[in-house]
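Asks: Quick mapping for you: the protein sequence lines, in order, are chains A and B.
Oh and the first sequence: position 71 is 71 in this note's numbering, straight run, nothing missing.
Oh and the second sequence: position 231 is 231 in this note's numbering, straight run, nothing missing.
Because the hints were derived from the structure by calculation, they are not lab data.
A couple of the hints might just be wrong.
For chains that are exact copies, the list does not tell them apart, and a pair is met inside one copy or across any two.
Claimed, not checked - Restricting the straight-line Cα-Cα distance to at most 20 Å, the calculated cross-link-like pairs of lysine to any residue (SDA-like) are: (1) K338 to T363; (2) K261 to D230; (3) K93 to I141; (4) K132 to P98; (5) K216 to D55; (6) K132 to K338; (7) K242 to Y407; (8) K126 to A83; (9) K290 to S10; (10) K216 to D84; (11) K232 to E21; (12) K250 to L193; (13) K216 to E21; (14) K192 to T20; (15) K401 to S441; (16) K93 to E64; (17) K385 to P313; (18) K192 to R223; (19) K167 to F277; (20) K385 to S316; (21) K385 to L405; (22) K232 to A249.
2 protein chains.
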Amino acid sequence: MLNDQAQEKSLNIQFLLTGTELMVGDIVDTNSVMLAQSLKDHGAEVARKVTLGDDFDALVAEIEYISRQADVLLINGGLGPTADDLTAEALAKVIGQPLEEHAEALVHLELWCERRGFRLSGANRKQVILPKGITLVPNPIGSAVGFSVVHNDCHIICTPGVPIELKQMWQQEILPHLITQLPKVDKVKTVKLHTFGMGESAIQNLFDQHLADWPKDIEVGYRAASPLVDLKLTTRSEQAEKHLPEWQAKIESLLGAHVLKVSTIDSTTAEILEQPFTVAQTLVELLRQKEQTITMAESCTGGLIASNVTRIPGSSAVFEAGYVTYSNRIKTELLQVKTETLERHGAVSEAVVLEMAQGALDTSGSDWAVSVSGIAGPGGGSDDKPVGTVWICWGNNDRLKTQCLVYPTNRLNFQRFIANVGLDLIRRELLEIKEVPSYFSRTGK
Amino acid sequence: MLNDQAQEKSLNIQFLLTGTELMVGDIVDTNSVMLAQSLKDHGAEVARKVTLGDDFDALVAEIEYISRQADVLLINGGLGPTADDLTAEALAKVIGQPLEEHAEALVHLELWCERRGFRLSGANRKQVILPKGITLVPNPIGSAVGFSVVHNDCHIICTPGVPIELKQMWQQEILPHLITQLPKVDKVKTVKLHTFGMGESAIQNLFDQHLADWPKDIEVGYRAASPLVDLKLTTRSEQAEKHLPEWQAKIESLLGAHVLKVSTIDSTTAEILEQPFTVAQTLVELLRQKEQTITMAESCTGGLIASNVTRIPGSSAVFEAGYVTYSNRIKTELLQVKTETLERHGAVSEAVVLEMAQGALDTSGSDWAVSVSGIAGPGGGSDDKPVGTVWICWGNNDRLKTQCLVYPTNRLNFQRFIANVGLDLIRRELLEIKEVPSYFSRTGK
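Bound conformation, chain A alone (with noise of 0.2 Å):
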């Protein structure tokens, strides 16, 4: 769909959303997010961004205004069936061209009802009458084809809304094609470390505290995938590439044990990432490694430990069972926490939920066990005990560890928080850290 031949100057993209659904606000464009980032991963960057409704003459104004601008010019949505759905025919009138039956994007069509025993429809029969002279773009799992066209020299594509058809779209068909064009491609590379347990802020400090001779040709970039953070670093030539290691090695070492796993991108592959990186990934891989077990004994964050370890595939194998103990009263009878103890100390307290670990070590017979009791808020803080304040213990029947922080935020994301710090926490006795990790700082005092 777009010429073979690498360009030296940088590509003019933009992209044009379309669709009401997406001014009112009742989605919000994840899709335009998803091909910047693979965009930036191979050294291509999006000029402009413009979002419609479904509007006709709104539509016909923009692309013929964004094609006298840009090089490439990717319309997302309005490919389905219904009458809201108008860049086939939006296009048609910018190009010149009548509207018609396609035969191939019928072919597509057929073969796509036939699979799901559909009959097809007249809607769906909307969807192959094109402008004439486009370049279908298969769609290799939706019933709407995309198709491409050059006008006043700039190449326009049109794609589906559907995000998951979108992206295999865009891997399998239009990233391949754009890679060629884009410049200097095979000196691109973005490494990314994910990173738990530093804000953006207090990265950013290391860099300007430690790394003040950071070079510019290796780009900083960040990426919050809360509460984790994705610290990207890019080069753009043969020369930076080479001394990226170097610095890579520099920043790491200043990271230390922050670093979950360290990914390398490079502008051959054409790869997105399903899901953000997440602490419990790591935690369940190295206990499969291991063949060890993990169990949980949670207060304030109410099964969210379990749950964030139970949504990674696999985890049967390291996980048996987790408790949810939210008053006192069962704390007692399902993991032995003494009433004395509750009594004589709080159930927010160091005391607490070094019972609380050792009973669920007791009760599950796992491995290793985590505990947590705090005050999650809003309500029942108090002067001594604020809101935000958490007692955690961690370890095996070897030994338990404390600690206690203040961590003073809204409900959701102190719980978040909280359960990614228990899991951080044996990740590092599995690989025997000894290093302080940076949010034991948060003491609140």
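Given chain A, put chain B in place with the hints provided.
Replies: Leaving out everything else, chain B in the frame of chain A:
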């Protein structure tokens, strides 16, 4: 900042979102979604939305271009203290005015620093260098003030990119002014039905099959808040509003107990919902009213049911204990599920979920219990029990009910849906609903 006369024709409102982090996909734009929803609730629409990176020339060109088409241009982002923040500079160029230190903004910034015990830094001071002749828009919480100006008959309003600051500025300063500009603003009314258990297409089928004579002046919209669906009915005239209750009653009666809650927004309210409404919210509220408690015995949902409940503030009044019993051994030890039941029927069976629920009731002393055992995938399926198969049991000591569902999707969607089903079934018991939920038809047959 805007004239106080109400206009008869609808306003052309456009957004300009700035920031390289938006362009490269490092963050997802939720700001414009929030504003668009709020505008829609007040009968207004966003005509066009443009997103640009931190590129001075592109910003200048875009502001000028939009100001010629739009009545209102809301610019979001680029007000921060760093060199990348270019909005004030670009606007100054567009309106042909110099940048100068703004006295009122400086007072705001000094107070802001004082309250936090910060010293006013040079970087911060950049935030009060604004184009001459602008009108301030107060920022109730952040350091960066907003500002507005009229250019080419277009009201240009510049706002901070930090979501919580934008939201407060929008609700307290911008929306109240905009509302006075919106046509026939006192006639717009939106009713939201928060539903669980039917998909968008299933709800649309109800309209198609039973309400073919649905009036054109009651707009129907959907907002997926997965796995919930919010159905929105909007009227834009007094006449339409008059027959809204009658038609609302018709669709409510067809939806039956799938409706969790109804909320009404009229155009004089400037309210934006914090978090999507959840099944757990309704359930916790109901249980609190009845002073009853719930427990759960979870296998395939792995703690997510407990987590859904405990993320609701005040849930400790209705929840004491949750059991995540992943392995057969733990089902037996913790919940007294009989070994012979497991051997005879398998873990994913009616007999096992019945014993799990009874065990959870006995052990916790709760009033209500829900238990689930299923195959979340991707592995573990068989011909007899494919991935997505789940047995659910719910009830109290008087009566336990069971149901088998087949819901094949990815692991995370499966867990989310089934966790909500579990809570919804208890809600239906508490409300003594006789009607069969729509999702009971998902039996894989």
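Asks: Find the hints from earlier in the document that the structure breaks and name them by number, from lowest to highest.
Replies: 3, 6, 7 and 9
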